[in-house]
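Trainee: Residue strings, one per chain:
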Amino acid sequence: MGSFNQPVAYLSLIVFLPVLAALALAFFPKGKDDAIKFTTLGVTIVVLLLTLGMLRDWFGLDFEKGQAAMQNIFAYDWIPSFGIHYFMGLDGISFPLVVLTAFISMLAMGASWSIQKHVKAYCILFLLLETGMLGVFMSLDFFLFYVFWEVMLLPMYFLIGVWGGERREYAAIKFFLYTLFGSVLMLIAILMLYFSSDLRALDDSQLVTAHVVESPEAAVQWRADTPDLKAEPLHKQHTFNILALQQMGQHTTLFDGEVWLGKSLSWWAFVLLFIGFVIKVPSVPLHTWLPDAHVQAPTPVSMILAGVLLKMGGYGIIRICYPICPAAGYELAYLVCLIGVVSMVYGAFAALAQKDFKRMVAYSSVSHMGYVVLGLGVWSAMAGTGYNPDYWKMGANGAMYQMMAHGISSAGMFFMVGVIYERVHHRDLDQFGGLFAKMPVYSGLAVGIFFAGLGLPGLCGFIGEVLVVLSVWEYSHVLAVISAAVVILTAAYILWAIQRVYLGAEYKGPHGEALTPITMRELFIAAPLMVMAIVFGVYPKALLDYMQPSVDQQIEQLADWTRQYDHDHPPAKPIVDIEEQIAALKRSQ
Amino acid sequence: MNLQFLIDSLVTDTLETSLPRYGPELILCASMVGMLLMRIVRLSEKIPPFLMALTGAVVALWSALPNDGMNTWAQMEPCELFTGMLVYDSLYLYTRIFLLAFLVLFVILSRLTGIADKREGQDYYTLVFGATLGMCIMASANHLIIVFLGIEMASVPSYVLAGIVQGRRRSSEAALKYAIYGAGTAGVMLYGISLLSGILGSAYLPTMAQRLAAMDLGAMMQTESVTEGMGAAGEGKGDSAESSVSGSSVSGHSETSAQNEAQADESLQVHSPLVLMVLALGGLMLGVGLAFKLSAVPFHFWCPDVFEGASAEVGAFLSVASKAAAMVLLLRIGLGLGTYHEPASSLTTSKQSALESGQAELFELSRGRVSVKEVSLSAATQKDSFDNASPKDPLMPVRHFIVLLVGMIAAVTCTFGNLAAYGQRNIKRMLAYSTIAHAGYMMMAVAATISLVGRDPLQMRVAVQSLLLYASIYFFMNLGAFSFVAFMRNAMGSEEIKDYAGLIRNCPLMSVAMVLILFSLVGLPPMAGFIGKFRIFQALFEAGGPLMMFLLVVAGINTAISLVYYLRVAKTICIDPEPDTRGPVSLGFLPVSYTLLVSFPVLLFGILPSWLVDWAYLATAQLFT
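Note that the protein sequences, when read in sequence, are chains A and B.
Counting from 1 along the first sequence, just add 53 to a position and that's the residue number in this note's numbering.
Numbering-wise, this note's numbering puts -3 at position 2 of the second sequence, and it's gapless, one number per residue.
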C-alpha cells in the first residue's frame, strides 16, 4: 500500500478519481456506450468503497468513531503567494455527507442506464459533478471550498440543459444564475473575512486546533518566524483556513469592526454567506429555481440534485455561517428559524397543490429542507435557559439527521417517479391509479420510500423531524406548534399522492400497456434506498455515533461563546417607566 | 558644462545605457525594415514573409527573456532610457515579454488562417510589428510626448490592419471609422498634453509630479473661494506665461530657469481656480486619448464596428495586445502623476528640489544619474511611503481625481459592455462588447492601485499584480476565442452565433476548448479567468473605501450578468440541434492543435496558477520600493 494510507493520498484519490476517469473516458472510442456506462459505474462503486473503507479501516485509513475533532487532515501549499492551501479533512459533520454523496452517485449512475443520448459526454459530466460534490464536503480551505462549489455548476448546467425535459434550457440557466448570484455574494464574504483575519490573534492552542501548526512547540516557532503582532500590526497574516476563521470568529474581536449601516463585519459576512447557502438549500423565497430544475432534469440528475446538492447549503450553514460569524447568527437566530418554518409550510402547501408528480416531490424537498434550516437555527442556549445547549444540540443533530434522511428518501422518490415516467411518459397525478395491480414490487417499494419521506416512525424521516420539532419547543412555542403541524400537511400530500398513483381500481391513463414490472436494475437501485431508510429509522445510533460528537462539540463551543458574549455585552438597562421611578422616589422619601 | 560635455553624456547614455537594453525592439525594427526591403529586391518570392516574420518575432522574444530567470528582476536596478524618455523596469520587461509572446502566437495564427498570404504578407506583418513596437513604447513611456508617440505608433498600423481584407465594404468602413475616431481623440489628447505641460512646465512625468506637489493643490482648493475674484483679474497674464512655457516644454527640454519658475509659481498661486480648472481639463483630455485605446465608455463606439468589420485575427490583436499596453500606460500615467517623493539626497525645501530638478532637466547627464535614483514608479522607500500616507501629501488631490475618474469610467464601461453584449448576434461583435467589459475590470485594478498609493507597498504590488495577472490570463482567453472564430469562419464561412449550433457534434475538441474559454471569461473556477478576477476583487477590497466597495459590488454583479450571454454561446454550441443545411465542418490538424494549445493555459493556470502568479509578482517586485 505504501503511502496510500496517508490522508493526502487517500482523500485526494476519493475526490479526483472521478476526474481522472472522466479524462480517460474522453479517449474511449465512439459507439461503446455500454463500456462507458460500466466504467463510470465502476468508478462510482470504487469511490463508495473507498469512503466506506474508512468506517472499518479496510484500506489503511480509518475514520474513528466517537471522535469530535477533525480527522485525516492534511494541508499542502496550493497557491502559496495567495496563502491558499490544499487543505482537507473529515469530521462527523462532513464524513456522513461524503458517504451519502458516494452512495447516491453510485445509485444515480445505475439509474442512468436509460440515457441514450451522447452517453460519453453524459458520463464525463457526471464524474466531474461527483468530484465537485465530494470536494465541497472535504475541503477546509475557503478558497478550495469555493472552487469546488463552482466546479459543480458547469456539469450541472449541461446535465440539465442537454438531457432534461421540454423546458430544460430555461431551467438550466435559472439554476445557474441563481447559484452564481449566491456564489458572488459568498465570494465577497470570503474576501471580507480573509482581509480581516489575522492568524497572530490566535493563541497557541487555537493555532493547533486550526491546524495552522502541528504542535504548541511549532506554534512558538511559527510566532518567532512571523512579524510580531504589536510591533507590526499592519502585517496581518491573512488566512483562508476555515478552522482558523472559526477560531477567530469565536475567540477574537477581529470580525467585530463596524463596516456599514452600524452593522459589524461579521454580521454582513453572515448575511452574504447565508443568502448564498440558502439559495442552495433552498428556502423560501429563494427556492424558485428548484421546482424547474428538479422537474426538467433527467431522473438521475434529479436524484443527485435532491440527494446531495441541497445538502451543500445546509453543510455551509453549519460549517461556515454559524462557527465563523456567531454574533450575527445569535442576533438573527429567530429570522433563520422563521425562514425554515416558512419554507416548511410553503413547500408543503405548494406540494399539496401540484398536479405534476415530480413537481410535487420537488416541493416536498423545499418543505423537508426547511427542517434543516430550522434545526440549525434554534439558538436555545440563551440567558433564559441558563445557556443550556442540550436542545440546540438536539436541533442541530436533528438537522444533520434530516439531511441524511432526506438524501435517501428524496433520491428514492425521484427515482420512483422516474421509473413510471419512463414507462408511461407522463407525470400527471390525476391520470395515474391502480399501479399496485400492475407493478406490485415497485409499488411496495415506492410506498415505503414515500412513507420514509413522510416521516413515519420506524423510517429514516421520522428521527430528524422529531428531533427538530422537539428542540424548537424550548426556543419558541409558536414555531414549534407550526412546525409540528406541518407533519399533518406532509402526511396529506404524500398520502394523497399515494392514493392517486398506486391505489385505485385500474390504470386509465395513456400507455397502459407499457406498465411492466420493475426490472432487476431498477430493483437494485430502489432496494438499497429502502434498506437504508429502514436502518436509519430503527437504529439511528448507526449514524449518530459518527455524527453526534462533532455536532455536539460545535454547539457546546457556540453555547460557551454565547455565555461569554452576553457577559461582555450586557443587555441595555431595561427602560423603567418614568412615573414609576418618581413614585419610588416619593416612597423612599 | 559645455556643449561637448552634453554631447558626450548623450552619447554615453544612448550607447551604454539605452541601446543595450533595447535589443528586442531593435530586432523588431530590423525585421520590419528587412521585410520591406525584401519586397524591393524581389526576394520575397523566394523567402516566404511568414518565415521572416516568425524568425523576427521569435528572436525578439528570445532576447527579451531574462537570461537567468525572472528572479533576477528583483535585483535589477530600474533605470530610464534615452534621456529619461522611457522607463526600464520589471513592469516593462514583463509587458514586453507579454507583447512579444503574443506577437509570436499571432504571426502563427495569421499564417494558419491564411489571412496573410504571400503577396500581402510583408505589409501585414510589417504593420503588426510596427504596432507592437508602438505598444512597447506605450508600456514604457515616461514622458507625455512619448505617450502620444506610442499611442499613435500603435494606432496607425491598426487602422490599416482593420481594413486589410480587400474588397469587403464593411472592413473598409471599419477602418475609416477607426481612423477618424482615432484622429479625433489624438487631437484632443495632444491638446490635453499641451495644457498639462504648459501649466507644469514639463512633459516629463516625474517632474510634472514634482511640480504638482510643489503647487500644493490641497491648500489651493481650500483657498479657492478667497482668491476667486483675483483669478479673473490676472487671467491675461497667466495665459501668456502658460503659452510661453508650453511652447518650450513640448520639446521636452524646458528652458525655464529657476527664477522664471518661481515667478510662474507665484502667479499660479494667485490664479488657483483657473489653474485647477486647466489642470482638470488637461487631465480629462489626456484621459480621452487613453480611453479611446482602452475602448472605455464613452469612447468605445469604434470597438464593436471595428471588431465586426475587421478580421477575427485583427480583433484578437486589438483586444489583447493593444489593451494590455494601454492598461500599463494608464497605470504609468496615473502613478507617474500621482506619486512623488523628495529625493533622499536633498532633504531641503521643495523649492530647492524643484530648482535642482529644473537643472536636471537641462543637463542630460545629471538627469540620467538622478533619475536612476528617483524613477517615479519606484518613488518611495517603504518607510517613506508610510510617511507619505499622512494627509498632508500634496499629491492627494491628484490621486483622488485620477481614482475617481478611472473608477467611475471602469464601472460604467464594465456594466455597459456586459449589457450591450446581450443583444449581439455576431460573435465578433459580442466579443467586442465583452472586451469592453473586461477593460472595465482591468481599469478597476488600476484604480485600486492608485488609491493604494501611500499605503503598504506590498498591497500596491498586489494590486499591480492583479492587473498583470488578469491581462495575462485574458491573453489566452481572447486569443483562443478569436482563433476559434477565425478558424470557424474559414471552415463554414459564418460568424453568426446561431450558425455555431450543435458544433460540438462536428468538431468536439474545438468546441470544448471554446466552451472552457467562455466559462473562463465569466470567471468561473477552475478556469484561469477566476484567478484573475479573484485577484482584482482582492485588490479592490484591500484598497477599501466607499468607491472601491462600490466597484467591487459592480464587478460582482457584472460577473453574474455576463454569465447569460457567454452561456448562450456555449448553449448554442453544445445543446442546440445542428442545422440540416450545414455540411461537414472540416478543420485541419494544425488549426485544432493551435486552438487547443492557446486555450490549454486557460485550464492549466486555473488549476496551477502559481507560476503565473509568481511571474506577475516578480514583475512588480521593483515597484514602490
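Hints listed in this document are in silico derivations from the structure and should not be mistaken for laboratory results.
It cannot be assumed that every hint is accurate.
[What the hints assert, rightly or not] Each computed BS3-like pair below joins lysine-lysine, with the alpha-carbon atoms no more than 30 Å apart: (1) B:K493 / A:K227; (2) A:K408 / A:K561; (3) A:K170 / A:K408; (4) A:K170 / A:K83; (5) A:K561 / A:K118; (6) A:K316 / A:K283; (7) B:K493 / A:K173; (8) A:K118 / A:K85; (9) A:K83 / B:K493; (10) A:K170 / B:K493; (11) A:K408 / A:K227; (12) A:K408 / A:K283.
[Claimed, not checked] Distance windows between CB atoms, simulated: (13) A:H479 / B:F584: 43 to 53 Å; (14) B:F296 / A:K283: 48 to 58 Å; (15) A:Y223 / B:L414: 14 to 24 Å; (16) B:F584 / A:K85: 51 to 61 Å.
The C-beta atom is built at its ideal place from N, Cα and C for all residues, glycine as well.
Trainee: Output the indices of the hints that this structure fails to meet, ascending.
Mentor: 5, 8, 12 and 16
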